[in-house]
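Visitor: Work the whole structure out from these sequences, hints included.
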Amino acid sequence: MESKSCVHIRQEWDIVGARQLGRERAKEIGFGTVDQARIATAISELARNIYLYAGTGKICFTIIDDLEHKGLQIIAKDDGPGIRDISQVMEDGYSTSGGLGAGLPGVKRLMDYFDVISEVNKGTEIRTAKWVR
Amino acid sequence: METIRLDLENYRNLLKEYLVTKDETALYRAEQFSKLSMQHNVSPEEIVHVHIEALKELYPDLPEAVDDSLNFLLEAMISYGLAYQEFTTLRQKQSELKSEISVAARMQETLLSTVKPDIRGLEIGAISVAANQMSGDYYHFVADKDDDTLGIAIADVIGKGIPAALAMSMIKYSMDSFPESQRNPSAILENLNRVVERNVDPSMFITMFYGLYNPNNETFSYASAGHEPGFYYHSRKNEFEEIEARGLVLGATEQAKYKQYERKIKKDDCIILLTDGVTECRLGDRFIERDEILEVIQTYIDLPAQEAVEQVYKHFERLQDFHFRDDFTLIIIRKNV
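If you read the protein sequences in the order shown, they are chains X and W. Mapped onto the UniProt record's numbering, the consecutive letters of the first sequence carry residue numbers 1 to 133. Mapped onto the UniProt record's numbering, the consecutive letters of the second sequence carry residue numbers 1 to 337.
If you're looking for bench data, these hints aren't it; they were derived computationally from the structure.
Chain W regions said to be covered by chain X (calculated; three or more residues, Cβ under 8 Å): (1) 45-51; (2) 67-80; (3) 89-98.
Below, simulated DSBU-like cross-link-like pairs (lysine-lysine); rule was C-alpha separation at most 35 Å, straight line: (4) LYS122(X) with LYS77(X); (5) LYS35(W) with LYS27(X); (6) LYS108(X) with LYS56(W); (7) LYS35(W) with LYS108(X); (8) LYS27(X) with LYS56(W); (9) LYS122(X) with LYS4(X); (10) LYS314(W) with LYS264(W); (11) LYS108(X) with LYS98(W); (12) LYS93(W) with LYS77(X); (13) LYS237(W) with LYS116(W); (14) LYS35(W) with LYS70(X); (15) LYS4(X) with LYS108(X); (16) LYS27(X) with LYS16(W); (17) LYS93(W) with LYS108(X).
Here are a few chain X residues that sit away from chain W, every Cβ distance over 10 Å (derived from the structure): (18) ILE15; (19) VAL16; (20) ARG25; (21) GLY30; (22) GLY55; (23) ASP65; (24) GLU68; (25) GLY80; (26) GLY82; (27) ASP115; (28) GLU119; (29) ALA129.
Each residue gets a CB set at the ideal place from its N, CA and C atoms; glycine is no exception.
Guide: In structure tokens form, the structure reads like this:
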């Protein structure tokens with residue numbers, strides 16, 4: 001079974017929409033409350049990054065349920081300025097959050113799978129997933 | 001008291017015990033549980049989750065609002081958990097950096113190590129302590145077996161820490177590579193000046209004093225590259241005199257010339273060399289006066305030279321609450337014949 005749904009991020013309010021849709025999908029596939037909260041927080045971070053640095057973009061959710069995995073995949077995609085130095089952005093303590101443990105390293109911690117593809121002046125795509133334990 | 005286990009059942013029991021007894025013992029165990037959780041990287045939202053589950057088991061008819069509110073709390077804890085995990089990683093990184101620096105510091109120690117030589121008629125005391133792990137101060141003795149002369153170098157990189165230590169290692173290498181025949185203080189400084197000018201960032205300054213003692217004619221010749229002036233101690237008058245020497249700091253211009261000075265050393269008199277870590281000791285908000293430093297040195301000057309420098313160091317260490325802001329180097333050379 002695979003179904004995809006997306007939320008467009010254009011204004012701060014859309015962050016809440018993305019969280020809500022993500023949480024519903026997470027609940028559907030059987031995540032507990034702690035993981036639901038973690039997934040929602042990861043979505044917040046991804047959506048806020050789009051809102052703050054790219055202006056607009058979208059967050060898409062795919063439920064994955066095959067022989068190997070059961071979980072939720074989240075793809076955050078924008079056509080913004082891109083990330084010049086991904087290694088630096090992924091470094092703890094660098095994040096613009098000012099030591100709040102958030103930012104992309106935070107997303108990576110909250111999720112089980114994490115990958116970034118970014119090109120300067122073209123945009124960023126972050127793929128991340130969490131598996132039901 | 002039994003050891004605390006990190007699981008739901010244990011938490012439930014602790015909670016139950018507390019709800020019944022309202023006892024400090026249960027609270028003490030809760031504290032232990034929380035410490036154990038941190039040791040096992042259990043995040044706060046997981047503790048809240050365990051709390052909710054335990055509460056539901058103890059009170060199956062828990063009002064919905066209470067359940068919801070606890071889930072609300074769980075959401076509110078997520079960021080704390082993340083911040084804590086980041087903190088843990090950063091702390092680990094910090095200890096890695098620390099051990100890396102201490103390896104470098106040991107290497108520097110080996111590299112810059114110098115032996116106090118036995119020179120006919122001279123007694124030498126020297127101490128050098130870094131403010132941080134790595135030192136930007138440097139002193140070195142060069143004894144010549146053939147003519148019994150003693151070369152003394154003392155230098156200070158303005159700034160401290162790793163950049164200063166790297167620059168200092170370069171000075172040491174350069175000095176080692178100069179031909180042995182070249183013992184003239186002014187020539188040594190002129191050569192070093194060229195090395196520094198070519199290799200060191202212009203924003204970094206190095207000051208240096210180089211002296212050469214010749215026991216055959218009891219003469220001390222010296223030159224200074226902007227270094228903190230040392231002192232000559234007249235033992236008969238019990239007085240200090242500043243050793244005057246003018247010269248530009250190393251690396252300021254390519255063709256700097258260093259004037260060489262000379263003086264006779266009398267029996268029981270001392271030459272005192274230091275870095276600004278000594279003169280820039282702070283007492284609260286103000287720098288200590290040079291006269292105050294001399295008073296301290298005077299107190300200990302009759303001790304054997306090594307003991308004297310150590311006592312002076314201890315004095316200033318206490319004065320500064322055991323925390324030096326700059327590297328501290330002090331050398332006392334006494335002519336005792």
